[in-house]
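Same order as they appear, the protein sequences are chains C and E.
Residue 123 in this note's numbering is what sits at position 123 of the first sequence, and the numbering runs on without skipping anything.
All you need for this note's numbering is the position in the second sequence, starting with 1, plus 1000.
No wet-lab data here; the hints were simulated from the structure.
Worth double-checking, as some hints may not be accurate.
Derived EDC-like pairs: lysine to aspartate or glutamate, alpha-carbon spacing no greater than 20 Å straight-line [as the list claims (entries may be wrong)]:
#1 K1103(E) to D215(C)
#2 K281(C) to E253(C)
#3 K1109(E) to E253(C)
Part of the chain C face toward chain E, derived, beta carbon under 8 Å [stated by the list, open to error]:
#4 V59
#5 E187
#6 A198
#7 R350
Only a predicted model underlies this, so the values are computations on that prediction, with no experimental measurement involved.
Just so you know, even glycine gets a beta-carbon here, dropped at the ideal spot from N, CA and C.
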Amino acid sequence: MELRILASPREQQALLDLPWDMPLEEWPEWYLVALPRGISRHVVRFTRLGGRVYALKEVVQSFADREYRLLRDLDRLDVPAVKAVGVISGREAPDGEPLDSILVTRHLQFSLPYRALFARMMRRETVDRLIDALVVLIARLHLLGFYWGDCSLSNTLFRRDAGAFAAYLVDAETGDLHEALSTGQREHDIEIARVNIAGEMMDLAAAGYLDDTVDPIAVSDQVFERYHTLWDELTGWEAFDVNDRWRIARRVERLNELGFDVAELDIITDIGGRTVRVQPKVVDPGHHSRRLLRLTGIDAQENQARRLLNDLDAYAAETDQQGEDEEIVANSWVLDCFEPVMRAIPREFRGKLEAPEIYHEVLEHRWYLSEQAGHDVGLKETTQDYVDNVLRHKPDELAILGGTSEDPEQTQPFRIPWDELG
Amino acid sequence: MATVTYDKASRVYPGQEKPAVDSLDLQIEDGEFLVLVGPSGCGKSTSLRMLAGLEEVDAGAIRIGDRDVTHMPPKDRDIAMVFQNYALYPHMTVAANMGFALKISGTPKAEIQRRVMDAAKLLDLVEYLDRKPKALSGGQRQRVAMGRAIVREPQVFLMDEPLSNLDAKLRVSTRTQIASLQRRLGITTVYVTHDQIEAMTMGDRVCVLKDGILQQVDTPLNLYDTPANVFVAGFIGSPAMNIATFDLADGRAKLGEANVEVPTSVLSAVSNEGSNTLTVGFRPESLIPSSAEDEGGIPVTVDVVEELGSDAFIYGHPTGPKAAEATDRMRSDTIIARVEPRMAPAKGEKVVFKVKGGESHFFSTKTGERISY
């Protein structure tokens, strides 16, 4: 059979050099990024090509093709997920023995597996934030008609988002894209997530990585409750008296607060005309990050964007430009505030955190410094102090692929293929 | 444990006119292993998901035992979707790995212990309950994973193409293992596959679906021996049944040079529906080389010989001046016959076959339904 590399031309070139005629498990180390990895039911390895890290997963062709298509679809739908790069099929060993296909995905920069986050003891608030991020991701997927089928912390990557987290889907193998999901599908998906997360938390507890204040079962119940609250806010009907029409605007504001834009509202008035019923029809996540991108060209997570936009508002007030055109003020904020901070970060520290996260931390730091000093400390001074006393001591998070360097079989949940049944 | 009943259950996807599952009537016995099989788009997965509560039921009802579950949320139905793979947690003992999901649902501790112990006995895992998964062999780990589903003590297990990500070789060994485990557990199981061989080897009964409509449900052997219509006849069996539309003349079925005997009851059934053609099917092993004194037969030129040692198959095409006319009446271009191994005719040879007595299958050309005789 012919070797077929389905990928964009640029990446195809780079991919050509890899030893596709060898089972992934036997690839020599010099092809691989020597970072720990979780045990998956499939063989998974990481490699670096042209300065980027790629994940390779060996799997039967129909599964590789299917997951590739799904990830591409999710990408088109703007879902936070790993990007599929290509599928290598028609592989053959030198002796003619056929080899399974390989799905290639691009590693998400600055993303953290949950095990890495838990490697340092995790506090209750951090757990809450992880769960919130995951719940927002599930609700986004469900709005689009995506049934995940195996939602868990292990199948998710997290990126820092102004002290909170943004969640990314990593594994779409069990997923399915539908026109719309039935209540049963959503309920089942959440039930799977709940059981997986409880298991992962109990495992962390058994390993001594979980603070005593965190109760795995309470956390998994929280997934269930938060999801339903969010889903109701996103899709539920709300009825009120015709004189309380301001509540329509309030609903939209609440959704904006949650980071969703409302593109369409369905409004029905009763026959008597006394009661109004409202339901959001189309909601798009990324309200703040879209606005920040439009104004400044800065690509940030939702909470980071909210934080930066607040700073932009404060800047407009301080410099007395509130009446000015928004775009113009945003432009001078980038020149006066954002860029000077970024330029003050030494190059060797730039792999530690993403730019918007650094800016967020500088703003936090400024608040602490000002409180200590009893007066407002300037941005320049804060940045210098932040670099010397905070950022310098942080780990590099550009490409963390696993939790610890220990044997993954001892640290990660792992999966058993059916063929070992016996 | 319980029976499962589909009572004229239908599912119509929004925006579609044709139901994905059309008035499915199916009774699954307590403890039975039932396989839903059919080509893609036949409604098999939708049927399973309706039972799981993942698809709405637009008409009709579904019952588990006496309970009507038609509109019940999935988690209240007392079913377990068995995954292709379960996570095992390395820091937790085998017992904790098997029982933790019960803890989430608030099952009392003593009850969890009892269920884990029962499952461990069934799965030969009792002496490993205090160990960590790392200390187990691959097979034992897989049984722990199965234990996660078993401790829930569901009324019904549901499996949706669980072997589809394995290569052909592994599928064969694994399907027997799943089937034998199910028999030990005795839990009613509904299993979906597109692979008719998987269906035939695993199911107590097999339910064949096409275009959302149940075609036939029966034991594997009965499906093979008495397919209810042309679709089932062609779908079940590997290599496939030879099927072609013949003309009726002088009390025999003729196509090109081929000429086979038709029982009188079949002839009268065809004439009753005002037709003069008949769809005839015969399995590769029902063909035997005919001797000179036999009347009629099916002349075939051998194209390929497949000698497997224990079996031999020949793949050929009809022979004779009217061969071209014959091929467009056939479901497939080739005629397949099983012949005596080590005595197979050579490529290019011409052989006249006849169908063993009573092994012809007749179907109405009009409706595709089987005509019994």
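Hint-by-hint comparison with the structure:
Restraint check for K1103(E) and D215(C): the C-alpha separation of about 12 Å stays at or below 20 Å, so the hint holds. Restraint check for K281(C) and E253(C): the C-alpha separation of about 15 Å stays at or below 20 Å, so the hint holds. With a CA separation close to 46 Å, the supplied pair K1109(E) and E253(C) exceeds the 20 Å bound. At its closest, the beta carbon of V59(C) sits 7 Å from a beta carbon of chain E; the interface hint therefore holds under the 8 Å criterion.
For E187(C), the shortest C-beta to C-beta distance to chain E is roughly 5 Å, which falls under 8 Å, so the interface hint holds. For A198(C), the shortest C-beta to C-beta distance to chain E is roughly 5 Å, which falls under 8 Å, so the interface hint holds. At a threshold of 8 Å, the smallest CB-CB gap from R350(C) to chain E is about 35 Å, leaving the interface hint violated.
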